[in-house]
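Asks: Each chain, written out:
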Amino acid sequence: MLDYLACRGETVLHRAAPWSKMLGAALTLCAIVLSRNLGLVGALVVFQVFLLLWQRLLIGPVLSFTVYPLIFGALFALSQVWTAPELALLVLLKSEAAGLVLITLMVTTPYIDIFSTLQRILPRVLVDMLFMTYRGIFILLERLEGMLLAVKLRKSGGIRGTIAGFRRTAESLGALVIDSFDLVERIYRIMEIRGYDGGIRSERRSGGDNAILAPENTLSIAVGVMAMVGLVIVG
Amino acid sequence: MSHLHIPDGVIPLGWSLMWLVLALIWLALSLHVLRREDRSRLVPRVGIFAAVMILGMSVEWFGVYHLNLTVFSGIALGPWAGFVAQFLANLMLSLLGHGGITTLGLNSLVLGSEVVIGYLLFRLFKRLWTRGGDARAGGMARRFAVPAFWATLVALVFSFTLMMGALGISIGDTAAVWDVLSRHHDNHGDESPNQAYHETEHGEAQHEALQDELRVGSFSLMNFIRAAVVPGVIGWPVEALIVAALVGYIGHVRPGFFQRL
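Taken in sequence, the protein lines are chains A and B. Take the first sequence: its position 220, counted from the start at 1, is 220 in our numbering, and no numbers get skipped. Take the second sequence: its position 234, counted from the start at 1, is 1234 in our numbering, and no numbers get skipped.
Isolated chain A (complex conformation) (with noise of 0.2 angstroms):
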């Protein structure tokens, strides 16, 4: 769904080329973590909801997305709430704003044009690595969802069935791997017969013009100033 969003969007962020929008969500990334301020920090959460409502973003696993910065920054929220409820609060918040910037750059940009990107700073086996995931998560997981069909069919009540379908569950990964494995046998010699020299090439699929007074282009850089500003501002 986030792939399907990211790609089929058309919204203006979408338009945006990746490299701005990346800038973006860096300067915004920064001021979310350099904050110590609650009100700049619940801003920037309410605005990035805005953004998503906006564009019409927030719906279906997208929403699920945004609850899990709140899951992880719950655990370290709770044990200080009783000693120092702002610093928890703060916390929340932290982690709510930087995980709504990350959601908003992957449903408005693919993950091809991400790498993309990255290709210029990180090693180029690495950005294969990259692209090998992201193919290997859609090719594995229709496999894994009908393996976890199948365990849950059978699943039965009681301590003996829950064990069970324990150990079915850990099999169905266990087979997942297995044909993990052979996969890569597979694509080895596809790689092989088709000549790979150490480097997948990309293409950008997406984002309009690349020059940096373009509006889309604009809108992205500006939230991140903006944010920056507010951090020197009220800190």
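You can trust all of the hints, since none of them are fake.
Far from chain A, by Cβ distances over 10 angstroms, these chain B residues were calculated:
#1 L1020
#2 P1079
#3 V1116
#4 T1130
#5 R1131
#6 W1150
#7 T1161
#8 V1233
Output of the computed footprint for chain B on chain A, the stretches with three or more beta carbons under 8 angstroms from beta carbons of chain B:
#9 32-39
#10 124-136
Think of the hints as simulated: they come from the structure by calculation, not from any bench. Predicted model only: the values in this text are computed from it and were never measured. Just so you know, even glycine gets a beta-carbon here, dropped at the ideal spot from N, CA and C.
Take the given structure of chain A and dock chain B to it, following the hints.
Replies: Only chain B this time, still in chain A's reference frame:
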């Protein structure tokens, strides 16, 4: 709860960058060691295994609990390729808000330690377990499952301790002490934070006020350890059992898979 992905905003940016640099050094070292391997085989092996790790996380055990196969990746891929695979999985997940992007370095170091410790302990325990001969070791599945259980359990406890240590360094009272002392320094003009500290140390009332401020405004590591250790104690054996069942199954279906270890 054996794997605590630290979200963004918990540790200061300076510390995040320092952990990231250390993780990148480890990553560069891993890629350097792996440079002689055939790339056509290495790229899909590591890339696809990172995908398996990500998918493994989507499988729910007892509600919300999930595992991430870091110890298994060490056993299956070895310490170097295993580290690269967990780094890729961490990077992809952090882009989805599953653990922070600014804490990628610390998360990778902690999970990377599970890869290496798991690999070394699995080898050691397998050797010890099979020392008495095939009869004692049991069937093919048991021969791999029992060492995998203990290797996973110890690796998880180690990584938890490592994470608490790293958190203690990054966000323990040291950061807050510096913050409070810096503000104190601002109030006292030319005094350095250290001087301010020593002077207030002798003034009892000021000292108590300073302590109160530190208590209220700083991250309490002990509180966090208390909150995290209970789910951890439940999670470690659960994850060790799952990895043991997984390794046992693969050992049974493909006995040759672990023979090279």
